[in-house]
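Chains as they are written, first to last, in my numbering: chain P, 1 to 325; chain B, 1 to 392; chain Z, 1 to 187.
Mixed in with the good hints there might be a few duds.
Taking CB as the label site, the calculated pair distances span [claimed, not checked]:
| # | chain 1 | residue 1 | chain 2 | residue 2 | range |
| --- | --- | --- | --- | --- | --- |
| 1 | B | THR9 | Z | PRO113 | 46 to 56 Å |
| 2 | B | THR224 | Z | ASP145 | 24 to 34 Å |
| 3 | B | GLU381 | Z | PRO83 | 13 to 23 Å |
| 4 | Z | SER57 | B | GLU204 | 27 to 37 Å |
| 5 | B | SER265 | Z | SER57 | 25 to 35 Å |
| 6 | B | LYS226 | Z | PRO152 | 43 to 53 Å |
| 7 | B | MET102 | P | ARG125 | 40 to 50 Å |
| 8 | B | ASP284 | Z | SER101 | 53 to 63 Å |
| 9 | P | GLU166 | B | VAL196 | 58 to 68 Å |
| 10 | B | VAL8 | P | ASP286 | 42 to 52 Å |
| 11 | B | ARG359 | P | PHE13 | 53 to 63 Å |
| 12 | Z | ASP145 | B | PRO199 | 22 to 32 Å |
| 13 | Z | ARG16 | P | ASP247 | 53 to 63 Å |
| 14 | B | GLY363 | Z | PRO83 | 27 to 37 Å |
Honestly, the hints are just simulated from the structure, not real lab data. Yeah, the Cβ is synthetic: ideal placement off N, Cα and C, and Gly gets one too.
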Amino acid sequence: MNDVARNMDDATFRQQNPMAEFLRMERMPHIWCPGCGIGSVVTSFAEAVKESGLDMDKIAVVSGIGCTGRVAGYVKFDSLHTTHGRAIPVATGLKLANPELKVVVFSGDGDLTSIGGNHFIHAARRNMDLVVICVNNFTYGMTGGQMTPTTPTTANASTTPYGNYEYPFSLPFLADAAGATYVARWTSLNARNITESIGEALNRKGFSFIEVITPCTTLYQRRNRLGDGLDAMQYYHDDADIEHGADTRTVDITFQGKLKTGKFVDRQKPTYLDAVNTHYANVIGDDYELYGKTPMEKKAEEDAKKHGIDDLPEPELTCDSEDDA
Amino acid sequence: MSQLPHKVTADPKGVESGPHFMDGDHALAEGALAAGCRFFAGYPITPSTETAERFAERCPSVGGLFIQMEDEIASIAALIGGAWGGQKVMTVTSGPGFSLMMENIGLAVMTETPMVIANVQRGGPSTGLPTLTAQQDMMQARWGSHGDYRAISLVPDSPQECFDLAIEAFNLSETYRVPVFIMTDETVGHMHEKVVIPPADQIEVVERNWYKGPKGEYRPYQFTGKDVAPMVKAGDGHRFHVTGLTHDERGYPALTPEQNVKVVSHLINKIDSNVDKISRVEEDGIEGADVVVVSYGITSRIAIRAVQEARKSGLKVGVLRLITVWPLCENKIRELAGKIKGFVVPEINYGQIVLEIERCAAGKCKVISVNSCGGAVHDPEEILTAIKEAAK
Amino acid sequence: MWEIKFSGFGGQGIVRCALITGKAISLYDGKYATMTQSFGPEARGGACQSQLIISDSRVLYPYCTVPGVLIALSQEAFDKYEPGLGDGGVLIYEEELVKPSGDPNRVKRYPIPATRFAEEAGNRLFTNLVVLGFFSAVTGACSPDAMKKALPGLVPDRFLKKNMAAFDKGYEYGVTQHDAVAAGAVQ
Chain P
1 MNDVARNMDD
11 ATFRQQNPMA
21 EFLRMERMPH
31 IWCPGCGIGS
41 VVTSFAEAVK
51 ESGLDMDKIA
61 VVSGIGCTGR
71 VAGYVKFDSL
81 HTTHGRAIPV
91 ATGLKLANPE
101 LKVVVFSGDG
111 DLTSIGGNHF
121 IHAARRNMDL
131 VVICVNNFTY
141 GMTGGQMTPT
151 TPTTANASTT
161 PYGNYEYPFS
171 LPFLADAAGA
181 TYVARWTSLN
191 ARNITESIGE
201 ALNRKGFSFI
211 EVITPCTTLY
221 QRRNRLGDGL
231 DAMQYYHDDA
241 DIEHGADTRT
251 VDITFQGKLK
261 TGKFVDRQKP
271 TYLDAVNTHY
281 ANVIGDDYEL
291 YGKTPMEKKA
301 EEDAKKHGID
311 DLPEPELTCD
321 SEDDA
Chain B
1 MSQLPHKVTA
11 DPKGVESGPH
21 FMDGDHALAE
31 GALAAGCRFF
41 AGYPITPSTE
51 TAERFAERCP
61 SVGGLFIQME
71 DEIASIAALI
81 GGAWGGQKVM
91 TVTSGPGFSL
101 MMENIGLAVM
111 TETPMVIANV
121 QRGGPSTGLP
131 TLTAQQDMMQ
141 ARWGSHGDYR
151 AISLVPDSPQ
161 ECFDLAIEAF
171 NLSETYRVPV
181 FIMTDETVGH
191 MHEKVVIPPA
201 DQIEVVERNW
211 YKGPKGEYRP
221 YQFTGKDVAP
231 MVKAGDGHRF
241 HVTGLTHDER
251 GYPALTPEQN
261 VKVVSHLINK
271 IDSNVDKISR
281 VEEDGIEGAD
291 VVVVSYGITS
301 RIAIRAVQEA
311 RKSGLKVGVL
321 RLITVWPLCE
331 NKIRELAGKI
341 KGFVVPEINY
351 GQIVLEIERC
361 AAGKCKVISV
371 NSCGGAVHDP
381 EEILTAIKEA
391 AK
Chain Z
1 MWEIKFSGFG
11 GQGIVRCALI
21 TGKAISLYDG
31 KYATMTQSFG
41 PEARGGACQS
51 QLIISDSRVL
61 YPYCTVPGVL
71 IALSQEAFDK
81 YEPGLGDGGV
91 LIYEEELVKP
101 SGDPNRVKRY
111 PIPATRFAEE
121 AGNRLFTNLV
131 VLGFFSAVTG
141 ACSPDAMKKA
151 LPGLVPDRFL
161 KKNMAAFDKG
171 YEYGVTQHDA
181 VAAGAVQ
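Pulled out of the complex, with its shape left as it was, chain P reads as follows (with noise of 0.2 Å):
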């Protein structure tokens, strides 16, 4: 293909792609390889958003490092790219600074769960109102094939050439246990469980968490003599049983072993800014101010103020900094 072609080629594309609204088109091409499972996910979150009705300008994402890290830079979002394993207390931040903001993370196996393990439980501990998808290819994509938290036992990695011997961890088991309130599991195959589980997670609160088991066809599938992408399909279409509700302490992956997918958890408890505002409002009482209220939460509560009340009513300088600019 020469130049000219090729970039007429990416013009159209860009124009007739039925995502361009979700995604940065200018930034097509992206660099996920053939069969890699990341870009199945995006799609199935796009459609996800689509399905919600949000408002796209309210839906923030933020990931970390590594090959799911670039999904922030792909979509077309407020969206931080930030440090390795970081995700989850940059998208805390994000939240806390503007409670009206959706916050999705997007995080692969060894930035959520390995450097960014201590975060991931205490952002469910607190069940902090995120959405965090964890696209598990089992391995470090982007450095080359290392072993991570989640690689099963015996699988080849380029740190475990003679094959790993770590036991690895069970993610919907770890949620479950750090206290998530709502916990998914999906293969790449899944499309549409993975958008069904996405749109259920953008239209609840608290923390929920999806992990998309997907294949690394470069480096995963490859060292492990796996075969491509199709095989990854295959395996996941004869081996993965939809089993929703099932006890998280069984839902364990082994080496290309049968693989429980579902919705695992999902149950109502405070999020954390819940817990700030009942907490305070029984501590402190009526002096107390609610934090992140939305301007229309706001407006009721000044309307409700001023009935029967001739004063004006006090501006609440809280989120809405618009206003001073």
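Given chain P's structure and the hints, the job is docking chains B and Z onto it.
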């Protein structure tokens, strides 16, 4: 494109006007609140914890939020999110926590995210002397995160100045979109003195420079090396992107040596070309002096005592107190070096800022380091001895 | 200039004494005051100390070099800090908790049964305020009016009156003892 900092007076809700008998740590929190900071993420560490405690106590009544994060890495990460969520943000720590923050200080520098980080210094290395004073992290404030960059460091010498410089730190941070460090120490942090908090209408606060242009055209960066692009906050519909990677004006990764030159030289020059506006020093008796004592923070108070003694014995001694340590007032040091016999540089470390003074003096005069390796302030006698030596 | 060291064991309100005095001096007596205290393991259990420098001009060096006044509310505190008290300085001690040793003429000694006075005023928790009143009277370093003005915010509101009463008790006793020491009657 350049827009002057938008100055307003403080929101009275955050200002506890009046005289107080207060320690430096508490004064830092009060200064932050007066400056309009309403988001604090931190992790407890001696001797800085009182700042976090004060902020946590004051938050509910001023519409702010305090969150105790799982560690210092998470704390500064949350500040980056908080700043792009539209808030003025702060954390406070000490040596071990400052070390943990270093990587994301780099992210804040690279993404040009305003924030204030106070380091109430204690003796190191490692866990060192958790409850005792030091000034051992001064070079870490300059070079601690990897890569070439500039940040700003202010050093208060009293609880009053903790309050005053907290406000200034926020103002500088907003003006230059850069992390600003308040490099105080255990002595000042835990020392109680009178702190006068002025009425809100007498406190000048720099508001964030908000982007006012149309949606779809926002550029988070401009690589002028002089001033910085306005900011937006997530949720306003500008769909910004920021990354720790070398990036273009749109914030998109642009991984070439040419782009790195643009970005890094901007990060450095936006501070270096404004040193005169940023740098603050306090001078006394510099004119005609044979010896100039250069010091900062608590050490400068001890140094003045030594200077008073030296002057009694007829020595001509000047005092140069660095309120802004980074960027250093290099030109002033160079100019003085040609006129005096020597500098005396007392620090509660094994000799850090003295290296910079030596570099600027470039052999034109003596430079005498007065070390105190952490745990205690100097005995004024040691400084006096060095002054006499420098005056020879 | 005054260099004052308050000492005792944790829980006696030592730091509170220094805080009240520092606030009184710097907010209501028109002078400069700088207060520091021991922290961490040093401040847990055992001996606890707090230092206050009072001056007509800005305090530079924030710690005591040679204290002119030592308040010792425990034997350990006395043993540890009395040798550092300057010659001719003022030693205030809780007479039922401290048995002073050494040369009785090196410094001016002011014993007070502060715990007993506090119990008489309602609760031994007010011991530190009895001592403060006594300190104010025998040293004159801080006016009693300023001390009382400094109390709100530093003692619980509901105990404000009782703390004031405890302070007065100590102050009155201090006036008599000060005269007595001056006359050489108590050593």
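Should the hint that THR224(B) and ASP145(Z) are 24 to 34 Å apart at their CB atoms be regarded as holding? violated (60 Å)
With 25 to 35 Å as the target window, see if SER265(B) and SER57(Z) comply at their CB atoms. Given a distance of about 48 Å, which is not inside 25 to 35 Å, the answer is violated.
In this structure, is the beta-carbon distance linking ASP284(B) and SER101(Z) contained in 53 to 63 Å? Taking Cβ atoms as reference, ASP284(B) and SER101(Z) lie about 47 Å apart, which means the hint is violated.
Is the gap between the beta carbons of VAL8(B) and ASP286(P) within 42 to 52 Å? violated (29 Å)
Verdict for ARG16(Z), ASP247(P) (Cβ pair) under range 53 to 63 Å: holds (55 Å)
Assessment of proposed distance window 27 to 37 Å (beta carbons of GLY363(B), PRO83(Z)): violated (48 Å)
For the range 58 to 68 Å, tell me whether the beta carbons of GLU166(P) and VAL196(B) fit it or not. holds (59 Å)
Assessment of proposed distance window 22 to 32 Å (beta carbons of ASP145(Z), PRO199(B)): Holds, since ASP145(Z) and PRO199(B) (Cβ atoms, about 27 Å apart) stay within the stated range.
Take the C-beta atom of LYS226(B) and the C-beta atom of PRO152(Z), compute their distance, and say whether it sits inside 43 to 53 Å. holds (51 Å)
Lying within 27 to 37 Å: is that true of the beta-carbon distance SER57(Z) to GLU204(B)? holds (29 Å)
Tell me if the beta carbons of GLU381(B) and PRO83(Z) are separated by a distance inside 13 to 23 Å. holds (21 Å)
Assessment of proposed distance window 40 to 50 Å (beta carbons of MET102(B), ARG125(P)): With Cβ atoms ~26 Å apart, the hint is violated.
Hints 2, 5, 7, 8, 10, 14 from the earlier list are contradicted by this structure; the remaining hints agree with it.
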